[in-house]
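Participant: Sequences listed follow chains A and B, in order. Each residue of the first sequence is one higher than the last, beginning at 1 in my numbering. Each residue of the second sequence is one higher than the last, beginning at 1 in my numbering.
Honestly, the hints are just simulated from the structure, not real lab data. Beta carbons are placed, not taken as given, at the ideal position from N, Cα and C, and that holds for glycine. Where hints are given, some of them may not hold.
[What the hints assert, rightly or not] Lysine-lysine pairs mimicking BS3-like chemistry, simulated, CA-CA at most 27 Å apart:
id: 1; chain 1: A; residue 1: 75; chain 2: B; residue 2: 87
id: 2; chain 1: B; residue 1: 352; chain 2: A; residue 2: 196
id: 3; chain 1: B; residue 1: 235; chain 2: B; residue 2: 195
id: 4; chain 1: B; residue 1: 195; chain 2: A; residue 2: 139
id: 5; chain 1: B; residue 1: 352; chain 2: B; residue 2: 394
id: 6; chain 1: B; residue 1: 252; chain 2: A; residue 2: 75
id: 7; chain 1: B; residue 1: 102; chain 2: B; residue 2: 159
id: 8; chain 1: B; residue 1: 159; chain 2: A; residue 2: 139
id: 9; chain 1: A; residue 1: 75; chain 2: A; residue 2: 196
id: 10; chain 1: B; residue 1: 66; chain 2: B; residue 2: 444
id: 11; chain 1: B; residue 1: 119; chain 2: A; residue 2: 197
id: 12; chain 1: B; residue 1: 87; chain 2: B; residue 2: 159
id: 13; chain 1: A; residue 1: 75; chain 2: B; residue 2: 235
id: 14; chain 1: B; residue 1: 118; chain 2: B; residue 2: 159
id: 15; chain 1: B; residue 1: 159; chain 2: A; residue 2: 75
id: 16; chain 1: B; residue 1: 119; chain 2: B; residue 2: 195
id: 17; chain 1: B; residue 1: 118; chain 2: A; residue 2: 196
[Unchecked claim] Okay, the calculated beta carbon distance ranges per label pair:
id: 18; chain 1: B; residue 1: 106; chain 2: A; residue 2: 94; range: 54 to 60 Å
id: 19; chain 1: A; residue 1: 72; chain 2: B; residue 2: 204; range: 58 to 64 Å
id: 20; chain 1: A; residue 1: 66; chain 2: B; residue 2: 206; range: 55 to 61 Å
id: 21; chain 1: A; residue 1: 198; chain 2: B; residue 2: 63; range: 26 to 32 Å
id: 22; chain 1: B; residue 1: 461; chain 2: A; residue 2: 113; range: 32 to 38 Å
id: 23; chain 1: A; residue 1: 108; chain 2: B; residue 2: 90; range: 48 to 54 Å
id: 24; chain 1: B; residue 1: 146; chain 2: A; residue 2: 113; range: 42 to 48 Å
id: 25; chain 1: A; residue 1: 112; chain 2: B; residue 2: 15; range: 25 to 31 Å
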Amino acid sequence: MTGRPDTLENQSPLNDALQTYRQNYPEKEMNPRIAPEAHHMIQMERVSGWSDLSGAPANQFITISSLPNDEETAKAGRHLWVIRANDVPTALEYRPWGDDRALCPWGDTSDDDIIKHSNLTGGAPAHSGGEIWFCSGTKIIVNAYSGRYGASSREEFELIIEALIQCGFEVAFMGFDAENSEVPNSILLGEPEWRKKSD
Amino acid sequence: MTSVYSNQSLTAIFGQESFGVTPSERAKSSRQVFIRSQHQLSFATPSATGRQLNAIEALTQFGWEKLSELQHRPSTILIRSGEEPYKTILDRAAELDVNWEKIVLHLGWTRNHIEDFKKRRQIPFRLLERLAQRLALQEQSLGFDSSAAGDRVLGQRLKAIRNQTDFKLTESIVLLLSESAWTIGKQIYLAELLKSNSTTAIRDLGFNVDPDYGEPGPTWRIGFRLAEKTRELLKIGKNDPINGLKDLVETKLGIPVIQLEHESDFAGATISNGGRRGIAINLRGANGNALVRRMTLAHELGHLLWDPDTQLNRLVVDRYGDIEDPSKSTTAPEKRANAFAIQFLAPQNAVKQVYEDNGRNPEGLSAVISTFGISKSAAIQHINNAYQTHEIGKSPHIETEADSWEGGESLGVPLFKPSSVAVTRRGRFASFVVQALDRGLISKDTVGALLGCGQNQEEINQAVDSTRKYVMS
Chain A
1 MTGRPDTLEN QSPLNDALQT YRQNYPEKEM NPRIAPEAHH MIQMERVSGW
51 SDLSGAPANQ FITISSLPND EETAKAGRHL WVIRANDVPT ALEYRPWGDD
101 RALCPWGDTS DDDIIKHSNL TGGAPAHSGG EIWFCSGTKI IVNAYSGRYG
151 ASSREEFELI IEALIQCGFE VAFMGFDAEN SEVPNSILLG EPEWRKKSD
Chain B
1 MTSVYSNQSL TAIFGQESFG VTPSERAKSS RQVFIRSQHQ LSFATPSATG
51 RQLNAIEALT QFGWEKLSEL QHRPSTILIR SGEEPYKTIL DRAAELDVNW
101 EKIVLHLGWT RNHIEDFKKR RQIPFRLLER LAQRLALQEQ SLGFDSSAAG
151 DRVLGQRLKA IRNQTDFKLT ESIVLLLSES AWTIGKQIYL AELLKSNSTT
201 AIRDLGFNVD PDYGEPGPTW RIGFRLAEKT RELLKIGKND PINGLKDLVE
251 TKLGIPVIQL EHESDFAGAT ISNGGRRGIA INLRGANGNA LVRRMTLAHE
301 LGHLLWDPDT QLNRLVVDRY GDIEDPSKST TAPEKRANAF AIQFLAPQNA
351 VKQVYEDNGR NPEGLSAVIS TFGISKSAAI QHINNAYQTH EIGKSPHIET
401 EADSWEGGES LGVPLFKPSS VAVTRRGRFA SFVVQALDRG LISKDTVGAL
451 LGCGQNQEEI NQAVDSTRKY VMS
């Protein structure tokens, strides 16, 4: 199903905290290197499994037991998020659709088992996008990794991290590639460096 | 994951200017540059400082399936586990029994880099590459697949030889030998990439290892037989002198000869790294004399061509004493290699003829030395063996012209610039590197990494120019 995103105007703590970020970094068009496949442009309905990341604690998401420090461990429990005008839809990337095929954003039309960031936006512009892992309801690991909406600098993403910290999360950031600084990391290198609101 | 070669996918990876219907066709005409970091591969951006690979390199090293991920993602992960590349490097250092923290300080690492490495954080891939080369690891696969681990048996052999009671190798020799092993493997890899027929030369010429060491019975006779057989297979006249032995070994036989410098009694080594065999020669010590160096090279050639894998066991290391005074050889392979060397360079019957034609006196000895390019001590021993008596009792004082043999056995190494390029990387190795660059098979950044110039463009250009001028011309 295509059409306008299922937006929800709310005054969540995270939305408040993201105000400065949204003002400084307006919505941008998708920037794919290659035209996305049709089923990755279909807007997910809430019932298919996205939830608004509104602030800590965020207990509705699946938590991880291993740190995402290689391709396999990163796959487990990886969620995609985007910052839209009024919310931050977040959903598990790999959903074992199986019998839930009917709830899959693209219904029964594809064998694909994963969603893309564009499934959270229907292909519409967004401020930013990335990946997130929940160690608990309040402890998260994030990155700016998105082929469609990713932040292109540490400075930009720092505002997002600050916003997450402000609304109660303890945050570890995967960073950018030290040798290609516009490219975000998609795995954790070394131990996570946790940041939280100082008391 | 898809490996369908759609035009859209190929263009997304290799760029609009590329053409062809397969990834390898597209890669040849692509100007796309990729950045190889410790953990991932990505498209180059203006601010990138990492190791640059051209499209052919990226495709050759990682394959289309990996590259195609970049259609949809900013990068593709290369490391197969969070423990890499640390585990491969640390395991190898332990295998060689070397102190990696001490080594890396000479390779441009800072203490912060060491700290980051220990904490599994990101460090520049160039620095990992330098360490990998020193430890004879396959640097391009580092962290990506298990082939990066290198030849484990070679590692174990180097460690075992270190602890031998009769010839202990210092850590510095072990590292030189391990880096020589890397250079040998890399040179053959480049030759394969260039589809050079040097890679099958030994087999094509009809050489096959020979397990006969003559026991019981005189091993020297087997060495002589193999020397004669070698001349026959190389179509060298039975009694002809051999000029330009290094060139013969490197060009006709396609065997990498790595020249290195170490102040010790280490003369030479025959190394097999992952099935790729080559020779390392120490330029210091007695090998500084071209006549001695030829004998060392011929000795190692005897091991390389004729010792089975079970005997070679990845590595044979020879001291000057082992080669200069064959009576000191204790093992059959060493005795055979010594006999091979002298008979290959100076067939005994021809030596006797030259000696007698020139007076059977010091002039005769001098003629043997200058005709066959062997040292005085080797010539005396060979002549005495020919007559089966002390034909030459006391070594006469004669002038030997080692300098006239120097040019043919040196391959322009002393003239190479810049001096920052290690001796081990000059000569034919550099030639293969520049050929690969000229054919677009490797990036200029890779040239810098292979020759040890790093990112210094001026030094890379100097090294390329030196190679064209002194090695390839």
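Participant: Has the given pair, residue 119/B with residue 195/B, been kept, meaning a C-alpha gap of at most 27 Å?
Facilitator: violated, 42 Å
Participant: Is the straight-line distance between the alpha-carbon of residue 352/B and that of residue 196/A 27 Å or less?
Facilitator: Violated, because 89 Å separates the two Cα atoms, which is more than 27 Å.
Participant: Is the straight-line distance between the alpha-carbon of residue 119/B and that of residue 197/A 27 Å or less?
Facilitator: Within the cut-off at roughly 25 Å; holds.
Participant: Quick one: are residue 146/B and residue 113/A within 42 to 48 Å, going by C-beta?
Facilitator: Once the Cβ atoms are compared, 28 Å apart, the range 42 to 48 Å for residue 113/A and residue 146/B is violated.
Participant: Would the hint linking residue 66/B and residue 444/B be met if the CA-CA limit is 27 Å?
Facilitator: Holds, because 23 Å separates the two Cα atoms, which is no more than 27 Å.
Participant: Holds or violated: are the alpha carbons of residue 87/B and residue 159/B at most 27 Å from each other?
Facilitator: holds, 18 Å
Participant: Hey, residue 352/B versus residue 394/B, does the alpha-carbon distance stay inside 27 Å?
Facilitator: Distance ~18 Å between residue 352/B and residue 394/B Cα, so the pair holds.
Participant: Keeping to a limit of 27 Å between CA atoms, is the pair of residue 235/B and residue 195/B held or broken?
Facilitator: holds, 24 Å
Participant: Take a quick look at whether residue 118/B and residue 159/B sit within 27 Å of each other, Cα to Cα.
Facilitator: holds, 24 Å
Participant: I want to verify a distance hint. Is the separation of the beta carbons of residue 112/A and residue 15/B within 25 to 31 Å?
Facilitator: holds, 27 Å
Participant: Residue 461/B and residue 113/A, beta-carbon distance inside 32 to 38 Å?
Facilitator: violated, 50 Å
Participant: With a cut-off of 27 Å on the C-alpha distance, tell me whether residue 75/A and residue 196/A pass.
Facilitator: holds, 25 Å
Of the hints listed earlier, those the structure fails to meet are numbers 2, 4, 6, 8, 13, 15, 16, 18, 19, 21, 22, 24, in rising order.
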